[in-house]
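Trainee: Chain residues, written in single-letter form:
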Amino acid sequence: MKYEVVIGLETHSELATATKLFCGCSTKFGADPNTQVCPVCLAMPGVLPVMNKKAFEYAMKSAAALCCKIDNYTNFDRKSYYYPDLPKNYQISQNYHNLGVDGFMDIEVKGTVKRIRIHNVHLEEEAGKLIHPEETGADYSLVDFNRAGVPLLEIVSYPDMRTVDEVESYMQTLRKMLLYTEISDCKMQEGSLRFEASISLRLKGVETLGNRVEIKNLNSMKFVIKAIEYEATRQAELLDRGETIDRETRLWDEINEKSVRMRSKEEAQDYRYFPEPDLLPVLIDEKWLSTIKSSIPELPFARKQRFVSEFKLSDYDANLLIEDKVLADFFEECVRGLNRPKILCNWITNDLLREAKERKLEIGQLKVKPAQLVSLVEIVEKGTISSTTAKEVFIEMIQTGKDPQKIVEEKGLIQISDEGLIGSVIDKIISGNPGVIDDYKKGKKNALTFLVGQVMKETKGKANPKMVNELLKGKLDV
Amino acid sequence: MKISKKDIRYVAHLSRIALSDNEEELFVHQLSDILSYIEKLNQLNTDNVDPLVYTTNTFNVFREDALEKPLAIEDAQYCAPSTMGAFFKVPKVIE
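Sequences listed follow chains H and W, in order. Mapping the first sequence onto this note's numbering, position 142 (from 1) lands on 142, and the numbers just tick up by one. Mapping the second sequence onto this note's numbering, position 21 (from 1) lands on 499, and the numbers just tick up by one.
The hints are simulated quantities; they were obtained by calculation from the structure and are not laboratory data. Do not take every clue at face value.
So the derived label-pair ranges between C-beta atoms look like this [as the list claims (entries may be wrong)]:
id : chain 1 : residue 1 : chain 2 : residue 2 : range
1  : W       : Leu-522   : H       : Gln-269   : 30 to 38 Å
2  : H       : Pro-39    : W       : Ala-490   : 25 to 33 Å
3  : W       : Tyr-515   : H       : Lys-287   : 25 to 33 Å
4  : W       : Pro-559   : H       : Pro-297   : 34 to 42 Å
5  : W       : Pro-529   : H       : Leu-203   : 40 to 48 Å
6  : H       : Arg-306   : W       : Thr-524   : 51 to 59 Å
7  : H       : Trp-288   : W       : Leu-545   : 21 to 29 Å
8  : W       : Phe-537   : H       : Asp-102   : 39 to 47 Å
Straight line, CA to CA, 27 Å or less: simulated DSSO-like cross-link-like pairs of lysine-lysine [as the list claims (entries may be wrong)]:
id : chain 1 : residue 1 : chain 2 : residue 2
9  : W       : Lys-480   : H       : Lys-88
10 : H       : Lys-367   : H       : Lys-342
11 : W       : Lys-567   : H       : Lys-79
12 : H       : Lys-460   : W       : Lys-570
13 : W       : Lys-547   : H       : Lys-54
14 : H       : Lys-187   : W       : Lys-547
15 : H       : Lys-88    : W       : Lys-570
16 : H       : Lys-79    : W       : Lys-570
17 : H       : Lys-382   : H       : Lys-406
18 : H       : Lys-444   : H       : Lys-428
19 : W       : Lys-547   : H       : Lys-28
Even for Gly, the Cβ is constructed at its ideal location relative to N, Cα and C.
Bound-form chain W, shown alone (with noise of 0.2 Å):
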């Protein structure tokens, strides 16, 4: 299957990532080759087959309405790349 550079471009926006011009092209190529290995199990006739979701066979798992101690600030923020007092601070998102 091909995908076109368009396609990259959309995905890539989705994804929130920039790419230069190289980098699409050479995703483009990537993407192609990857789709056109999965598309081999097309092959398969699945006409009989119910579509599997979960494999487990388990239904029904809950947890009671229960309080439990949450992190505190500094471990919630031990990994975060950027915070400002007791917040998470990203890029200006509206605007």
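Isolated chain H, as found in the complex (with noise of 0.2 Å):
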């Protein structure tokens, strides 16, 4: 394609308090309609609202995250739009000192890290839901105000993206980021991580940006990657048949999968912000900001890099570790009980995440702890038992939370290292496969893992395996 595809995100988060912005009234999801609502929020005659610091805290939290410079000085703004989802025929949201401006985030596409710059990150109020009835010919709209009032972060990048795989990137380094500092649960079927894509496309080597196209109504992040797709190749059959790209906003159309242009609200777009007067402003000061900084843990991406360079592990290994925060604290938690990353890794990526996964649990719901990883890595190494043994071990550890060294002791698991059982074990077997023999000494190298396998079978899995071998051979070999 001749042309660059230029795209910037703007994501919407809800934060995870347990109170709207302005009032006290519950953000909990799926309430029965209009049972979390207040006079506050309804924006009934005479009432003030008084800002919820919590949320405030956490949308600190996520431009300091974000590397915004922060103001010491923020206040709110009305945006008038009349629409039946906003009571107040308002938001109060921010526009002309937002609480964050010129961050940025580094994102990795290929193993080539890219930095995003962040325009800035603002706090403001959720609208309700409207439900359109979908009997033909109704007349009218239903509105909820449960979600009228929840705290809700916006943040707008630059338009630094260009390629999907980095618009790809940089919304699950976002989600991470919002994960790992614990400011929104991001549950995207529930509409608290939302994003807009603005797209606009301009011939490679071209300075000026092209005329952008917003897109609205993702609700997930692959409709995000299908819109983009679908409004590159729109543009540019546009641009080629020598038309004019439109400054528009459109909706996507996830079932025909494509975008469409929006009507009635966007219309006008005219939203006469000004200084929100019933909000007195904020004043941050050093101190508490860097207390807001210091509740920040490692983030994702930099927790990535030092598994790598700490542990020695891949890149891959790394990333899935990283993916859920409580799974890489796990991680870590083991590894500051015994020095062997990489076994722990395999334990913790293979089995525990298999076993999280056919069990539909979290991994903070799993009856196996840290410490018990730790031991049964630690009986495997000592000879113990065998590696065989524990995976079985293992699968006791996750149903009953017991530890590994008792279900060793209660099932007889303990590894057989007397040379003299191993021994007699292998005569026995020698003498009842001569044929096997033969092909040995002939030269079949399967021959003798057979053997292997006909001990393990006759001491129930419970000769160590290294042993069997190295007898074996020495038998064999005389």
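With the hints as a guide, bring the two chains together.
Mentor: Structural data, given as structure tokens:
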């Protein structure tokens, strides 16, 4: 394609507070309609908003995590538009003094790190939910204000992305940041994380940006990618025909997989912002800001890089571990107990993840604790049990939460490392399989594997396989 | 300051108000008069005056993230012009 695709993303994320931004109503998802409302979020006459401190601090935390400049003064503004999802006919947002400006976030695409600049981070209130009846000819819509006033964080990137891979990485990195900092639960299916894309095209090598089109109604990361691909193609076709791109807002139609021009709401975009007189401005001093900054944990990207350098893990393994903060914490606690990062990583990314997935459990809900996994690896290394037996013990640990030593004792799984005992079993197997012995002597390699297998079977898997191998070879190669 | 009919129509559209021709004419005059009256303030020299947004010199008023009792549905809907079940009912907004 002769065009370069220029993409910016606007992200909305509902903050994980118990109550709304300006009143004490619950933010819990899925309640019966209009059961989490009060005079403030219904905009009854005479009410005044009072800012939720936790929501404000979450917004500060995210602005700091995105390396934004945080001014010591910020205030809120009214954004006026008439739409029934906002009972006040305006939304309290920020326009003139955004909480955070000029930040950045590093993303990784195919091993290359790219810095995406953040234009601003600000705090605003969520709108209510409109329900459009499906019956044909219905001339009404229904409104549920449970969501109205839920604290909403808006993160606006610069148009620094050029490919859908970069967009994918940006969305994933941002999502993980919000989860790591525990600012939002990021449940896209519940709308607590949403994206809007702005896309423009320009001829490769050209500096000036083309007219951008905003796309809304992107309910999943998959749709974001599809919409961008669709929109880039649509714009390229228009430009190829010598037409111009209208600066407009389009809606993603997920059923027909195309973008359509949005009507009504956006026709007259004149928000008439002015400072919100009902809320006092906020002054942020150094001490407060540094307290907030110190509450930011090591972020996923930095953690991944540290896992690679400090524990010599592969990029792939490190990425699997940092995907979930609880999983990465589990791993680190294990490594603190036993310095065998690769082996522990294998147990966690293979066995632990598989069992969690099969049981549809979060990592934190599993009965196995890091110290127990460490003990399991230790008793394998000591030769008390074989690695095959260890898998069996692990399942038992998952099911019962018992310590591995206890399971080994109870089930009599201790590995046989008695040379005499193993030797006598080997003698029995050798005398019982003369044909296989001949094959071995003729140079058939898998004859040995078969014989080891027979010895293991005879000892119910308890013989130390390394010893079986050595002793068997010793006896056969005489 | 004279404002035009176009301005009136624009503001009426933003406010979702339908105006008759007579009303448009009436508001052109009334709003122009109001703006002219307010314009008097422009005669004052404010070169050395900082913009003032908030008059109380108070900052950082917060509440804790603590749950409070919501309104009962019948109270929430008490003044609503139209409802359906637990919902507020409004004129159709899309298409």
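Trainee: Among all the numbered hints in the text so far, which are the ones the structure does not match?
Mentor: 3, 4, 8, 9, 12
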